[in-house]
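**Student:** Using the hints, position chain B against chain A.
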Amino acid sequence: MKHFKLLTICLVVLITANLQAQTDYEKGMQKAFDLWGTNPIEASQMFERIAHAEPDNWLPPYYAAETLILDGFTKMDNKEVLEAQLNQAQNFLNDATAISKNNPEIMVLQALLYTVYVASDGATYGMTLSGKIMSLYEQAEALAPNNPRVVLNKADWEMGGARYFGQDTTPFCKDVERALQLFATFKPESKFAPSWGKERAEEILKDCK
Amino acid sequence: MRLSFFILFFFIVTSSISQTIITGKVIDTKNQPIEGANVYLDGTYDGTITDADGQFSFSTNETGVVSLKISFLSYETFRLTQEVSSLNNLEVKLRDDVNALDTVVISAGTFSAGDNSKVSALKPLDVVTTASALGDYVGALQTLPGTTTVAEDGRLFVRGGDAEETQIFIDGIRVFTPYVPSTNNIPTRGRYSPFLFDGITFSTGGYSAEYGQALSSVLLLNTIEEPEQEKTDIGIMSVGASLGHTEKWKNSSLSLNGAYINLAPYVALFPDRNDWKQPFQGGSGEAVFRKKFNNGMLKFYSAFESSGFELIQEDINYVDGVYYKSNNKNLYVNGSYQGLLSTNWTVFGGLSYTNNNSKMKVMDNDVKDKEHSYHLKMKLKHRFNNRFKLNFGAEYLATNFNEDYNSPFINNVSYGFNNNIASAYSEADVFFSKNLALKAGLRLEYSELFKELTLSPRVSLAYKTSTKSQVSVAYGNFYQNPNNNILKFEQDLNAQETRHYILNYQLNKNGKIFRAEAFYKDYQNLIKYDTEYADFTSNYNNLGSGYATGIDLFWRDNKSIKNLDYWISYSFLDSERDYENYPVQAVPSFVNTHNLSVVTKYWIETWKSQLGLSYGFASGRTYTNPNETGFLNQKTKSYNNLSFNWAYLISQQKILYFSVNNVLGLKNINGYQYADLPDSNGIYASNALRPAADQFFFVGFFWTISEKGTDNQLDNL
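Protein chains in written order, with our numbering: chain A, 1 to 209; chain B, 1 to 717.
The shape of chain B in the complex, shown without the other chains:
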């Protein structure tokens, strides 16, 4: 009895260590064997690696139901939970992991800068080390294809669209007044300092249903999530000074940045064509606060700026010139939270508020503008699996605009409007395989002002043609309400509309990128009026229309020549429209048929210097010569600009920076101004509109003080 018990016991023990053999074969979706896949029973030490034929075989002491796992780089992990004895002669097909690097990317229309983007045409540093950009992120984007050269304006003109058709977002939240006010023939700059952002996505068409109220383009800026270290930045420049400081705590950080710009000393040394009474002067402060939670991130960004100038500009109709004075105060506050609700749900909520106060005096006319705007946005993202994700959200945009006008002839009139828009959108991302992806969305907008509901479908499809190349197509429908300059006089209108059709090819090979994109844009319901300038007496309607079509090419190579990084952009644009005060459909004055940009950066080790050269060419733009028949009947000569910059690292923390815009001093002409009345010979006299100064010099010294001594401000320049 005792013996039988012992034998029984022995059997139980040995049977528990009796072995089962697990065998099978691992193949990919094309039925090719996968070598080196990791095959194991989850939670045990039992496992092996597949051989050259994809075969595996290993033994286990486990009994009952077990979980077999097969994993390998760039494939989705396979899991099978089953009775251990049934795990033999398996044939397992591993699916491609669509999160892998070589997966197709929806790229039609989009340029991304940042580490995280799979295909980035621009790197974050490029925004500030491009010679012609003068430290302005907008200036750097103007070297990308799809933009046109409107040198006297400074804003982004994309694919035959005017500057108002591009919207800018910070952390997904709209910026209502992104540019510093300027006047005729003086280019404006982006308000925000580039070094607070680490991700920039510039879309020149066909963008996601998440973004509305933009006919041509969206520019998405993301603030830095986590600064690397505590530091103080000091900048002394030929045009002013800046001071920045970053403080870090355990889960939060604060960056403060202040700048003061005064062009008076520069204008005194290098007088330009304007008669400055008070050269441009401005002070700005920015703050970014970030706090990390267990499952999310809170960001708070705010910027305040006060600027002003006063000058007399030459004008053919006024012997003494035209007096202009501008003062602007701008506050922008933006807060957002993004976090995980569960493993498959992500939530985002954000709010921005803009308060913009402008006072302008043009000759004897006083104009005061006040704008309050806010943007509230919520979005949710649900990940069903790696291959199917759904985004949806809702937002509310509100603008309250008021203008006071006072002149010797008109006594204090006040007018304005409320432009409130509620919208909702939904968008799905579907990966059919590693080679085929679809993004399809729908956007619904309701304008309270026009009592109008619009529906915009957006679709893009990308297909990988080889390991290095892909083709994408995109279609989208976009609506935008008329801008403040129209709405302040007339509110009985409708949204303007455009449709984008895009075909994109992209080749990405060992540090070389080639992109070609063809597009067609169709404009409808553009605003028209029947006077020279928009005012109260004008009759407005939505009967304008137009088109834009063209090809954009981009090439970037930083591998072929050591220490040399360069890119070349070329855009061909054919666009006509009938809008605003146009009597007929014509090529607008902001359209160049040909645009070329070459940007180079060369690092010279022995000099510890980065030298940059950038060249821009743009064919002539249209203007109306009243001495000839027709509207926009002439073209200016073409535009050329060669710029140079030199960043010298004195030490790891001290940089001397020098740049010259238009090194060759080429005489560019932005257009012509004609007299209102003909002279005694019946000829309308004219005046070429030249930049205020042909060349611009900049010298700066930048010093970073940090405990660790590795950071410098090269990325601030």
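With the rest of the complex left out, here is chain A:
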């Protein structure tokens, strides 16, 4: 009985140690998400640290890249800082791709990274990257036709192109509407799997009406 008790203690200790590891990941990720709102660069650094601790998980490098990419949209005027930041984001995306191949979520993020380049300097990057962006969305769509982020970002990009050439953007509104419906039913694969984009869809739909 005493032996049993000791064994129980040992087991409990081992299990808590194990649980502790899981909590570290969850705690770390949660902390990084919290940081994102106030300091995206620090959030990215937090994700970077988690990425080194979890070498088989594509989510930390994915978010390390996403924080930098979205932040890039606010740094259009400072070319040097922007390029350094996007280069770093590209490295994280490469790490994520190495862990998880043919992942439509990573493809969407790669397309967004190129979109920052195009938005910052259309004359330099417009011609060379537009095709790549479209091609990434096509690939992602083939893999996950009902992923709301694939549907939304593809439509968003196509609307931008149509606007640039002075064409009608309304045909893409129904794609955004469809994305919004997909967001309603979308279930992330795990706790921290990508689930963003709904707000952006709602924002675009406002302009459609």
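Calculated from the structure, these hints are not laboratory results.
Watch out, some of these pointers could steer you wrong.
Covered by chain A, per the in silico footprint, the following chain B stretches (three or more residues, Cβ under 8 angstroms) [as the list claims (entries may be wrong)]: (1) 44-51; (2) 65-73; (3) 380-386; (4) 642-654.
Computed list of chain A residues with no C-beta within reach of chain B, every gap over 12 angstroms [what the hints assert, rightly or not]: (5) Tyr-25; (6) Thr-74; (7) Gln-88; (8) Ser-100; (9) Asp-121; (10) Ala-144; (11) Leu-180; (12) Thr-185; (13) Pro-188; (14) Glu-189; (15) Ala-193; (16) Lys-198; (17) Glu-203; (18) Cys-208.
Okay, derived cross-link-like pairs now, DMTMM-like style, lysine to aspartate or glutamate, Cα gap no bigger than 25 angstroms in a straight line [said to hold, decoys possible]: (19) Lys-291/B - Glu-138/A; (20) Lys-248/B - Glu-158/A; (21) Lys-101/A - Glu-247/B; (22) Lys-654/B - Asp-121/A; (23) Lys-79/A - Glu-35/B; (24) Lys-512/B - Asp-77/A; (25) Lys-464/B - Asp-557/B; (26) Lys-31/A - Asp-42/B; (27) Lys-559/B - Asp-77/A; (28) Lys-93/B - Asp-77/A; (29) Lys-69/B - Glu-42/A; (30) Lys-325/B - Glu-152/B.
This structure is a prediction, so every number in the text was calculated from the model and none was measured.
Glycine included, each C-beta is placed from N, C-alpha and C at the ideal position.
**Tutor:** For chain B alone, coordinates are given in the frame of chain A:
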């Protein structure tokens, strides 16, 4: 006993979660604190970010030997593997990452176009949207400083060098016959369609030891690595038609492109000064195949072209003019592989083969030229670290040239040569800091024809003077064997030689680029002969020499005025040489003292149009007037050309394109031809050499069919 065991166990457990505090400070090479650096134990969740004073402090449960990592944008990542308890009060100095964007770039002599180059003066699109270029990549490069305006020739003349002194490379492999054959006073064009290339580097001097057999300049073209999408391109033009298709598979892709050009309808509508029997007609096909492997890329490029024309040109010595007929067939094949051997070793191997067949008839003389050339190249690159890289390689260039000559007076003679050259080179790239970089190389060449060994050192050094500006200097020694027109008559010669000295200043500020470059070139061992034209009866030697010195200025701004992009190039050139048939040292007829080029592009949103204007000015060039004493004793009036183009996007996939060369119809004179014999008054009569037509119009409609509907051919124009 049991209790003591439990206590012991408890101690082990708690000690394993006892904490160690890691502290320290992060500074840069100037001892300034770095704020916001990421400090962590690799493989754990333990870490933090440095504060405004560069200080960090965090706790960890790890024990034993751990790996501390400190990383921050634009610094090299620092790593320290040590006992965890010793990681306190550290002072860590982060070194600048020399791969960062604001690192000094070796820029003396070089203009790069492409996304990847850190400082690009030209963008890939510029090659095809420059008004005066008429879709020819060579034409676009002629708006850059360092080039001279030789309007009747069409090739690149760089810094007092003749056109033969510039070599062209595709994917690092030599192109032996880059231009479509032409005749007197009709400019030639580059053979290859610009839209198969996405990177262009044009070096006007002081280039890397990797490139040999070029006295003045190298032009490096890189084919597109990965096309973006499957598409079909259709072009209907006032001078012909083109059709292209790109097919993509998982790891490979194939692009095919065909074009047919026929100037007959144009010449019928707008007759020019030539009496065309058969206006220029040509068909060409190109194919690029690419295959990606896990650690490398295979590229295969091939181009075939067949062209011809027949005409009678005015000539002061022949009342009926001079008859000229030309037919050319050209095949170029180029294959290369580039890949990683390990993380620090890169290998490149490539091979090209050229087969060029030309048939010319000049009055009653028949000339047939056959050239077979190949180029084999291997190179290895070893990266010791970010700051030191070593390149070395070996190559073999072989040319077999044969000419058959037949005339009413000479019956079928045949002659030719083999010009084979083996070379090896080695070059080191060293970054002393983010602000100081050195490239030093050595090239060894052995000419089998001349049994001659040459050694060319090349050095360039760049120093960053402020965050936006830098100064570079370069020195190089360059050798080139005489060209086919000499070697076919005489092979007992030596390589020609030049030395370049370059000083470059560059300022790069928010979409504005300013470059100034001063150079001096010293020519030696140039070929001389003692007859008017090179032929069998001439005596040849290597006693020619010359110099070229000058200043090149370049300014580009695409930020100051919305939707307007423009650049201005100016070159001052002072050059004299004594070579070929020159009796004395003189300013060659391909040298302009002043060259100015202004290129503008303006995008009008509401018209969905890009309008382009380009203006070129060149001061007069020398010619010999036999009515006066002296050689190359006169200068033509200066050259002026204003060109205009308009690209209208009908929709995302349909473009209407219109261009006019020399809008104002200015009468340019390229030189004068004088009669061989004086008339009864003892005067040599003359004839101004004018372009065949003062103006040229071009209209084209380009349609891209792709599933995705975003691509268009704006970059083909």
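**Student:** Decide, hint by hint, whether the structure agrees.
**Tutor:** Outcome of the hint check:
1. Here the region 44-51 of chain B counts 4 residues with a CB under 8 angstroms from a CB of chain A, which clears the bar of 3, and the coverage holds.
2. Check result for the region 65-73 of chain B against chain A: holds, 3 residues qualifying (beta carbon to beta carbon below 8 angstroms, three or more required).
3. Figure legend: the region 380-386 of chain B, annotated as covered by chain A; annotation inconsistent (0 residues with Cβ-Cβ distances under 8 angstroms, at least 3 required).
4. Counting residues of the region 642-654 of chain B whose CB lies closer than 8 angstroms to any CB of chain A gives 3, so the stated coverage by that chain holds, three being the minimum.
5. Distance check for Tyr-25/A against chain B: the nearest CB is about 8 angstroms away, which does not clear 12 angstroms, and the non-interface claim fails.
6. Look at Thr-74/A: its CB is around 16 angstroms from the nearest CB on chain B, clear of 12 angstroms, so calling it non-interface holds up.
7. For Gln-88/A, the condition that its CB be more than 12 angstroms from all CB atoms of chain B is violated, with the nearest at approximately 6 angstroms.
8. With a least CB separation of 17 angstroms from chain B, Ser-100/A remains clear of the 12 angstroms interface cut-off, as annotated.
9. The Cβ of Asp-121/A sits about 8 angstroms from the closest Cβ of chain B, inside the 12 angstroms cut-off, so the non-interface label is violated.
10. The claim that Ala-144/A is not at the interface with chain B holds, since no C-beta of that chain comes within 12 angstroms of its own (minimum 18 angstroms).
11. In this structure Leu-180/A is separated from chain B by more than 12 angstroms, as the shortest Cβ-Cβ distance comes to about 24 angstroms.
12. Its beta-carbon lying about 28 angstroms from the closest one in chain B, Thr-185/A satisfies the requirement of being farther than 12 angstroms from that chain.
13. A cut-off of 12 angstroms between C-beta atoms confirms that Pro-188/A is not in contact with chain B; the least separation is 22 angstroms.
14. With a least CB separation of 22 angstroms from chain B, Glu-189/A remains clear of the 12 angstroms interface cut-off, as annotated.
15. With 12 angstroms as the threshold on Cβ separation, the claim that Ala-193/A sits away from chain B holds: the shortest Cβ distance comes to roughly 20 angstroms.
16. For Lys-198/A, the shortest C-beta to C-beta distance to chain B comes to about 26 angstroms, beyond the 12 angstroms cut-off, and the non-interface label holds.
17. Chain B leaves Glu-203/A outside its interface by the beta-carbon criterion, the shortest separation being 23 angstroms against a cut-off of 12 angstroms.
18. For Cys-208/A, the requirement that its beta carbon stay farther than 12 angstroms from each beta carbon of chain B is met, with the minimum near 21 angstroms.
19. Simply put, Lys-291/B and Glu-138/A have alpha-carbon atoms about 21 angstroms apart, close enough for the 25 angstroms limit, and the pair holds.
20. This hinted pair checks out: Lys-248/B and Glu-158/A have alpha carbons roughly 22 angstroms apart, not beyond 25 angstroms.
21. Simply put, Lys-101/A and Glu-247/B have alpha-carbon atoms about 23 angstroms apart, close enough for the 25 angstroms limit, and the pair holds.
22. Between Lys-654/B and Asp-121/A, the direct Cα distance comes to roughly 23 angstroms. Compliance with the 25 angstroms bound is thereby established for this hinted pair.
23. Of the pairs offered as hints, the one joining Lys-79/A and Glu-35/B holds, with about 21 angstroms between alpha carbons and a cut-off of 25 angstroms not exceeded.
24. A distance of roughly 14 angstroms separates the Cα atoms of Lys-512/B and Asp-77/A; the hinted pair therefore holds under the 25 angstroms criterion.
25. With a C-alpha separation of about 21 angstroms, the suggested pair Lys-464/B and Asp-557/B falls inside the 25 angstroms cut-off, and the hint holds.
26. Restraint check for Lys-31/A and Asp-42/B: the C-alpha separation of about 18 angstroms stays at or below 25 angstroms, so the hint holds.
27. For the hint pairing Lys-559/B with Asp-77/A, the CA-to-CA distance comes to about 11 angstroms; that is within 25 angstroms, so the pair holds.
28. For the suggested pair Lys-93/B and Asp-77/A, the alpha carbons sit about 30 angstroms apart, so the restraint of at most 25 angstroms is broken.
29. This hinted pair checks out: Lys-69/B and Glu-42/A have alpha carbons roughly 16 angstroms apart, not beyond 25 angstroms.
30. Proposed proximity of Lys-325/B and Glu-152/B is supported: the alpha carbons are some 18 angstroms apart, at most 25 angstroms.
When the structure is compared with the earlier hints, violations turn up for hints 3, 5, 7, 9, 28 and for no others.
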